[in-house]
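Novice: With the hints as extra help, turn the sequences into a complete structure.
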Amino acid sequence: MPAENLPQNNEVKFIRVNGGTLPYSVVHRRVRNPRLEFRAEGLLVILPLGWRDETSLLREKMGWISRKHAEITAALEKLGGQASDHSLPIFGEFFEIRRGKSLVFDPGRRVIEFDPADNNQLRRLTAMLKKMLTEELQRAVTHYSRRFGVNFERICIKRQRSKWGSCSGRGNLNFNFHLVHLPRELTWYLACHEVAHLRERGHGKGFWALVKSEFENYREMEKRLFEYWFFVQRYTDFIPSGKSLGPAQIKPRPLQETPDGE
1 MPAENLPQNN EVKFIRVNGG TLPYSVVHRR VRNPRLEFRA EGLLVILPLG WRDETSLLRE
61 KMGWISRKHA EITAALEKLG GQASDHSLPI FGEFFEIRRG KSLVFDPGRR VIEFDPADNN
121 QLRRLTAMLK KMLTEELQRA VTHYSRRFGV NFERICIKRQ RSKWGSCSGR GNLNFNFHLV
181 HLPRELTWYL ACHEVAHLRE RGHGKGFWAL VKSEFENYRE MEKRLFEYWF FVQRYTDFIP
241 SGKSLGPAQI KPRPLQETPD GE
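For the sequence shown, full-length UniProt numbering assigns the number 1 to the initial residue and increments by one for each residue that follows.
Careful, some of the hints might be misleading.
Stated by the list, open to error - Computed spacing ranges between beta-carbons, pair by pair:
#, residue 1, residue 2, range
1, V27, R234, 23 to 33 angstroms
2, N33, F226, 18 to 28 angstroms
3, D53, R139, 46 to 56 angstroms
4, R98, K131, 20 to 30 angstroms
5, S66, Y235, 25 to 35 angstroms
6, G100, R234, 17 to 27 angstroms
7, N33, K212, 46 to 56 angstroms
8, T73, F105, 41 to 51 angstroms
9, V104, R234, 31 to 41 angstroms
10, T55, F215, 38 to 48 angstroms
11, S166, M128, 23 to 33 angstroms
12, R99, V27, 15 to 25 angstroms
Unchecked claim - Straight-line alpha carbon distances no greater than 27 angstroms define the calculated DSSO-like cross-link-like pairs of lysine-lysine that follow:
#, residue 1, residue 2
13, K163, K68
14, K78, K101
15, K131, K13
16, K68, K205
17, K130, K223
18, K101, K61
19, K13, K130
20, K78, K205
21, K130, K158
22, K68, K78
23, K223, K212
24, K101, K163
25, K130, K61
26, K158, K13
27, K61, K223
28, K163, K212
29, K101, K13
30, K205, K223
31, K61, K163
32, K101, K205
33, K223, K158
34, K61, K13
35, K130, K163
36, K101, K68
37, K131, K158
38, K130, K101
Read the hints as simulated data drawn from the structure, not as lab findings. Glycine residues also receive a C-beta, built at the ideal position from the N, C-alpha and C atoms.
Specialist: What follows is the structure, given as C-alpha coordinates:
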(Lines of atoms letter the chains of each structure in order from A and count residues from 1; the text may use other names and numbers.)
(Lines give C-alpha, C1' and ligand atoms only; values in the text may rest on other atoms or scores of the structure.)
Protein backbone atom coordinates (compact mmCIF):
# COMPACT_ATOMS: atom_id res chain seq x y z
CA MET A 1 0.00 0.00 0.00
CA PRO A 2 2.31 2.78 -1.19
CA ALA A 3 2.00 6.05 0.67
CA GLU A 4 2.47 8.14 -2.48
CA ASN A 5 -0.94 7.04 -3.79
CA LEU A 6 -2.93 8.37 -0.86
CA PRO A 7 -5.32 11.28 -1.51
CA GLN A 8 -3.52 14.53 -2.29
CA ASN A 9 -3.36 17.45 0.14
CA ASN A 10 -3.66 15.13 3.15
CA GLU A 11 -0.80 14.35 5.45
CA VAL A 12 0.20 10.70 5.34
CA LYS A 13 0.59 9.16 8.78
CA PHE A 14 1.41 5.65 9.93
CA ILE A 15 0.18 3.21 12.55
CA ARG A 16 1.56 -0.12 13.66
CA VAL A 17 -0.64 -3.03 12.56
CA ASN A 18 0.12 -6.76 12.67
CA GLY A 19 3.84 -6.22 13.10
CA GLY A 20 4.14 -3.71 10.26
CA THR A 21 3.24 -0.14 9.39
CA LEU A 22 0.05 0.96 7.67
CA PRO A 23 -0.20 4.38 5.98
CA TYR A 24 -3.37 6.33 6.62
CA SER A 25 -4.81 9.70 5.72
CA VAL A 26 -7.47 11.82 7.41
CA VAL A 27 -10.22 13.74 5.61
CA HIS A 28 -13.06 15.81 7.08
CA ARG A 29 -16.50 15.59 5.52
CA ARG A 30 -20.07 16.57 6.29
CA VAL A 31 -20.92 13.27 7.96
CA ARG A 32 -22.55 12.52 11.30
CA ASN A 33 -20.29 9.70 12.36
CA PRO A 34 -16.64 8.88 11.72
CA ARG A 35 -15.77 5.89 9.59
CA LEU A 36 -12.79 3.97 8.32
CA GLU A 37 -12.28 2.74 4.77
CA PHE A 38 -9.53 0.51 3.48
CA ARG A 39 -8.33 1.70 0.09
CA ALA A 40 -5.70 0.12 -2.11
CA GLU A 41 -3.22 2.76 -0.97
CA GLY A 42 -3.91 2.53 2.75
CA LEU A 43 -6.49 3.42 5.38
CA LEU A 44 -8.75 6.42 4.91
CA VAL A 45 -10.06 7.98 8.13
CA ILE A 46 -13.22 10.02 7.51
CA LEU A 47 -14.12 12.41 10.33
CA PRO A 48 -17.04 14.81 10.89
CA LEU A 49 -16.12 18.47 10.48
CA GLY A 50 -15.99 19.05 14.23
CA TRP A 51 -13.46 16.31 14.95
CA ARG A 52 -9.88 17.38 15.47
CA ASP A 53 -8.03 14.18 16.35
CA GLU A 54 -8.34 10.61 15.06
CA THR A 55 -6.18 8.98 17.76
CA SER A 56 -9.02 7.78 19.99
CA LEU A 57 -10.96 6.43 17.02
CA LEU A 58 -7.98 4.43 15.77
CA ARG A 59 -7.38 3.06 19.25
CA GLU A 60 -11.03 2.05 19.61
CA LYS A 61 -11.16 0.40 16.16
CA MET A 62 -7.74 -1.24 16.24
CA GLY A 63 -9.25 -4.71 16.48
CA TRP A 64 -11.30 -4.14 13.32
CA ILE A 65 -8.34 -2.54 11.53
CA SER A 66 -6.11 -5.48 12.44
CA ARG A 67 -8.64 -8.07 11.23
CA LYS A 68 -9.31 -6.32 7.92
CA HIS A 69 -5.61 -5.75 7.32
CA ALA A 70 -4.95 -9.46 7.90
CA GLU A 71 -7.78 -10.42 5.50
CA ILE A 72 -6.41 -8.12 2.79
CA THR A 73 -2.87 -9.40 3.26
CA ALA A 74 -4.05 -13.02 3.04
CA ALA A 75 -6.11 -12.26 -0.08
CA LEU A 76 -3.15 -10.64 -1.81
CA GLU A 77 -0.95 -13.61 -1.00
CA LYS A 78 -3.57 -16.09 -2.26
CA LEU A 79 -4.50 -14.27 -5.46
CA GLY A 80 -1.01 -13.08 -6.19
CA GLY A 81 0.37 -16.60 -6.48
CA GLN A 82 -0.40 -16.71 -10.21
CA ALA A 83 0.47 -13.10 -10.93
CA SER A 84 3.74 -11.70 -12.20
CA ASP A 85 5.08 -8.49 -13.67
CA HIS A 86 4.75 -10.10 -17.11
CA SER A 87 1.11 -11.19 -16.98
CA LEU A 88 -2.32 -9.58 -17.12
CA PRO A 89 -5.53 -11.25 -15.90
CA ILE A 90 -8.48 -11.07 -18.30
CA PHE A 91 -11.68 -12.57 -16.89
CA GLY A 92 -9.57 -14.48 -14.40
CA GLU A 93 -7.17 -16.02 -16.94
CA PHE A 94 -3.58 -14.81 -16.99
CA PHE A 95 -2.21 -13.63 -20.32
CA GLU A 96 1.54 -13.50 -20.84
CA ILE A 97 2.79 -10.02 -21.72
CA ARG A 98 5.51 -9.88 -24.37
CA ARG A 99 7.30 -6.96 -25.91
CA GLY A 100 6.64 -6.65 -29.66
CA LYS A 101 6.65 -4.16 -32.49
CA SER A 102 2.87 -4.20 -32.95
CA LEU A 103 -0.19 -5.10 -30.89
CA VAL A 104 -1.07 -8.80 -31.03
CA PHE A 105 -3.87 -10.25 -28.91
CA ASP A 106 -3.89 -14.06 -29.00
CA PRO A 107 -6.57 -15.53 -26.69
CA GLY A 108 -5.75 -19.07 -27.83
CA ARG A 109 -2.20 -18.90 -26.50
CA ARG A 110 -3.14 -16.33 -23.85
CA VAL A 111 -0.49 -13.95 -25.11
CA ILE A 112 -0.48 -10.18 -25.59
CA GLU A 113 2.35 -8.57 -27.55
CA PHE A 114 2.80 -4.82 -27.82
CA ASP A 115 5.29 -1.99 -27.53
CA PRO A 116 4.76 -0.39 -24.07
CA ALA A 117 6.33 2.84 -25.34
CA ASP A 118 3.68 3.18 -28.06
CA ASN A 119 0.72 5.09 -26.60
CA ASN A 120 -1.40 4.27 -29.63
CA GLN A 121 -0.98 0.54 -28.99
CA LEU A 122 -1.87 1.05 -25.32
CA ARG A 123 -5.03 2.92 -26.30
CA ARG A 124 -5.97 0.15 -28.72
CA LEU A 125 -5.40 -2.47 -26.04
CA THR A 126 -7.54 -0.48 -23.61
CA ALA A 127 -10.31 -0.20 -26.20
CA MET A 128 -10.10 -3.95 -26.86
CA LEU A 129 -10.43 -4.83 -23.18
CA LYS A 130 -13.24 -2.33 -22.75
CA LYS A 131 -15.14 -3.88 -25.67
CA MET A 132 -14.74 -7.36 -24.18
CA LEU A 133 -16.05 -6.18 -20.81
CA THR A 134 -18.88 -4.23 -22.40
CA GLU A 135 -20.10 -7.26 -24.34
CA GLU A 136 -19.90 -9.49 -21.25
CA LEU A 137 -21.85 -6.99 -19.15
CA GLN A 138 -24.42 -6.55 -21.91
CA ARG A 139 -25.15 -10.28 -21.76
CA ALA A 140 -25.23 -10.39 -17.97
CA VAL A 141 -27.31 -7.25 -17.42
CA THR A 142 -29.81 -8.23 -20.11
CA HIS A 143 -30.16 -11.68 -18.53
CA TYR A 144 -30.82 -10.39 -14.99
CA SER A 145 -33.06 -7.57 -16.20
CA ARG A 146 -35.31 -10.20 -17.76
CA ARG A 147 -35.14 -12.39 -14.67
CA PHE A 148 -36.11 -9.52 -12.35
CA GLY A 149 -38.59 -7.90 -14.75
CA VAL A 150 -36.89 -4.50 -14.82
CA ASN A 151 -35.53 -2.14 -17.45
CA PHE A 152 -32.20 -0.33 -17.42
CA GLU A 153 -31.32 2.82 -19.30
CA ARG A 154 -27.68 2.22 -20.25
CA ILE A 155 -24.41 0.61 -19.21
CA CYS A 156 -21.40 2.81 -18.54
CA ILE A 157 -17.82 1.62 -18.08
CA LYS A 158 -15.88 3.96 -15.81
CA ARG A 159 -12.78 4.15 -13.67
CA GLN A 160 -14.20 4.17 -10.16
CA ARG A 161 -11.87 4.71 -7.22
CA SER A 162 -13.94 3.04 -4.53
CA LYS A 163 -16.67 0.93 -6.16
CA TRP A 164 -17.08 -2.04 -8.45
CA GLY A 165 -20.37 -0.67 -9.67
CA SER A 166 -23.34 1.57 -8.97
CA CYS A 167 -26.93 2.13 -10.05
CA SER A 168 -28.31 5.63 -10.64
CA GLY A 169 -31.85 6.77 -10.02
CA ARG A 170 -32.32 7.10 -13.78
CA GLY A 171 -31.58 3.44 -14.36
CA ASN A 172 -27.98 3.84 -15.52
CA LEU A 173 -25.67 1.01 -14.48
CA ASN A 174 -22.06 2.02 -13.91
CA PHE A 175 -19.30 -0.58 -13.80
CA ASN A 176 -15.63 -0.36 -12.96
CA PHE A 177 -13.31 -0.96 -15.92
CA HIS A 178 -11.15 -3.28 -13.80
CA LEU A 179 -13.95 -5.85 -13.71
CA VAL A 180 -12.27 -7.09 -16.88
CA HIS A 181 -9.60 -8.68 -14.66
CA LEU A 182 -12.06 -10.69 -12.55
CA PRO A 183 -13.34 -14.22 -13.20
CA ARG A 184 -16.54 -14.16 -15.24
CA GLU A 185 -18.69 -15.47 -12.41
CA LEU A 186 -17.80 -12.40 -10.34
CA THR A 187 -18.57 -10.09 -13.25
CA TRP A 188 -21.98 -11.73 -13.59
CA TYR A 189 -22.56 -11.55 -9.85
CA LEU A 190 -21.80 -7.83 -9.85
CA ALA A 191 -24.20 -7.37 -12.77
CA CYS A 192 -26.88 -9.21 -10.79
CA HIS A 193 -26.16 -7.04 -7.73
CA GLU A 194 -26.57 -3.78 -9.64
CA VAL A 195 -29.64 -4.89 -11.62
CA ALA A 196 -31.26 -5.91 -8.32
CA HIS A 197 -30.98 -2.27 -7.24
CA LEU A 198 -33.40 -1.35 -10.02
CA ARG A 199 -36.07 -3.07 -7.88
CA GLU A 200 -34.62 -2.62 -4.39
CA ARG A 201 -32.70 0.62 -3.92
CA GLY A 202 -31.09 -0.18 -0.58
CA HIS A 203 -29.38 -3.23 0.87
CA GLY A 204 -32.33 -4.45 2.90
CA LYS A 205 -33.80 -7.94 3.23
CA GLY A 206 -35.72 -7.61 -0.02
CA PHE A 207 -32.57 -6.76 -1.93
CA TRP A 208 -30.53 -9.67 -0.59
CA ALA A 209 -33.45 -12.07 -1.14
CA LEU A 210 -33.48 -11.01 -4.78
CA VAL A 211 -29.73 -11.51 -5.15
CA LYS A 212 -29.91 -14.84 -3.31
CA SER A 213 -32.52 -16.08 -5.78
CA GLU A 214 -29.74 -16.07 -8.39
CA PHE A 215 -26.67 -16.56 -6.20
CA GLU A 216 -27.22 -18.77 -3.18
CA ASN A 217 -23.56 -18.17 -2.30
CA TYR A 218 -23.82 -14.37 -2.44
CA ARG A 219 -21.89 -13.95 0.82
CA GLU A 220 -18.93 -15.81 -0.66
CA MET A 221 -19.17 -13.70 -3.81
CA GLU A 222 -19.12 -10.49 -1.77
CA LYS A 223 -16.04 -11.70 0.07
CA ARG A 224 -14.28 -12.51 -3.21
CA LEU A 225 -15.10 -9.07 -4.58
CA PHE A 226 -13.54 -7.56 -1.47
CA GLU A 227 -10.40 -9.64 -1.98
CA TYR A 228 -10.10 -8.92 -5.68
CA TRP A 229 -10.50 -5.18 -5.13
CA PHE A 230 -7.04 -4.96 -3.62
CA PHE A 231 -5.51 -7.47 -6.00
CA VAL A 232 -6.46 -5.60 -9.19
CA GLN A 233 -4.92 -2.35 -7.98
CA ARG A 234 -1.56 -3.64 -9.17
CA TYR A 235 -2.87 -3.25 -12.73
CA THR A 236 -4.19 0.30 -12.47
CA ASP A 237 -0.95 1.74 -13.84
CA PHE A 238 -0.69 -0.85 -16.60
CA ILE A 239 -3.73 0.38 -18.51
CA PRO A 240 -3.56 4.06 -19.54
CA SER A 241 -6.09 6.37 -17.97
CA GLY A 242 -7.67 9.57 -19.18
CA LYS A 243 -9.95 10.39 -22.07
CA SER A 244 -8.95 7.25 -23.94
CA LEU A 245 -11.41 5.39 -21.69
CA GLY A 246 -14.76 7.05 -22.24
CA PRO A 247 -18.00 5.54 -20.93
CA ALA A 248 -19.51 2.78 -23.04
CA GLN A 249 -23.13 3.74 -23.48
CA ILE A 250 -25.24 0.78 -24.50
CA LYS A 251 -28.98 0.95 -24.94
CA PRO A 252 -30.79 -2.11 -23.56
CA ARG A 253 -32.57 -4.67 -25.65
CA PRO A 254 -36.37 -4.80 -25.20
CA LEU A 255 -37.57 -7.07 -22.41
CA GLN A 256 -38.92 -10.38 -23.56
CA GLU A 257 -39.73 -13.76 -22.11
CA THR A 258 -36.82 -16.21 -22.31
CA PRO A 259 -36.28 -19.71 -20.94
CA ASP A 260 -34.26 -20.04 -17.75
CA GLY A 261 -30.55 -20.30 -18.38
CA GLU A 262 -30.38 -18.11 -21.46
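Novice: The structure should be examined with respect to each hint, and the outcome stated for every one.
Specialist: Tested hints:
| no. | hint | verdict |
| --- | --- | --- |
| 1 | V27 - R234: 23 to 33 angstroms | 24 angstroms, holds |
| 2 | N33 - F226: 18 to 28 angstroms | 22 angstroms, holds |
| 3 | D53 - R139: 46 to 56 angstroms | 50 angstroms, holds |
| 4 | R98 - K131: 20 to 30 angstroms | 21 angstroms, holds |
| 5 | S66 - Y235: 25 to 35 angstroms | 27 angstroms, holds |
| 6 | G100 - R234: 17 to 27 angstroms | 22 angstroms, holds |
| 7 | N33 - K212: 46 to 56 angstroms | 29 angstroms, violated |
| 8 | T73 - F105: 41 to 51 angstroms | 33 angstroms, violated |
| 9 | V104 - R234: 31 to 41 angstroms | 23 angstroms, violated |
| 10 | T55 - F215: 38 to 48 angstroms | 41 angstroms, holds |
| 11 | S166 - M128: 23 to 33 angstroms | 25 angstroms, holds |
| 12 | R99 - V27: 15 to 25 angstroms | 40 angstroms, violated |
| 13 | K163 - K68 | 17 angstroms, holds |
| 14 | K78 - K101 | 34 angstroms, violated |
| 15 | K131 - K13 | 40 angstroms, violated |
| 16 | K68 - K205 | 25 angstroms, holds |
| 17 | K130 - K223 | 25 angstroms, holds |
| 18 | K101 - K61 | 52 angstroms, violated |
| 19 | K13 - K130 | 36 angstroms, violated |
| 20 | K78 - K205 | 32 angstroms, violated |
| 21 | K130 - K158 | 10 angstroms, holds |
| 22 | K68 - K78 | 15 angstroms, holds |
| 23 | K223 - K212 | 15 angstroms, holds |
| 24 | K101 - K163 | 36 angstroms, violated |
| 25 | K130 - K61 | 39 angstroms, violated |
| 26 | K158 - K13 | 30 angstroms, violated |
| 27 | K61 - K223 | 21 angstroms, holds |
| 28 | K163 - K212 | 21 angstroms, holds |
| 29 | K101 - K13 | 44 angstroms, violated |
| 30 | K205 - K223 | 18 angstroms, holds |
| 31 | K61 - K163 | 23 angstroms, holds |
| 32 | K101 - K205 | 54 angstroms, violated |
| 33 | K223 - K158 | 22 angstroms, holds |
| 34 | K61 - K13 | 16 angstroms, holds |
| 35 | K130 - K163 | 17 angstroms, holds |
| 36 | K101 - K68 | 44 angstroms, violated |
| 37 | K131 - K158 | 13 angstroms, holds |
| 38 | K130 - K101 | 22 angstroms, holds |
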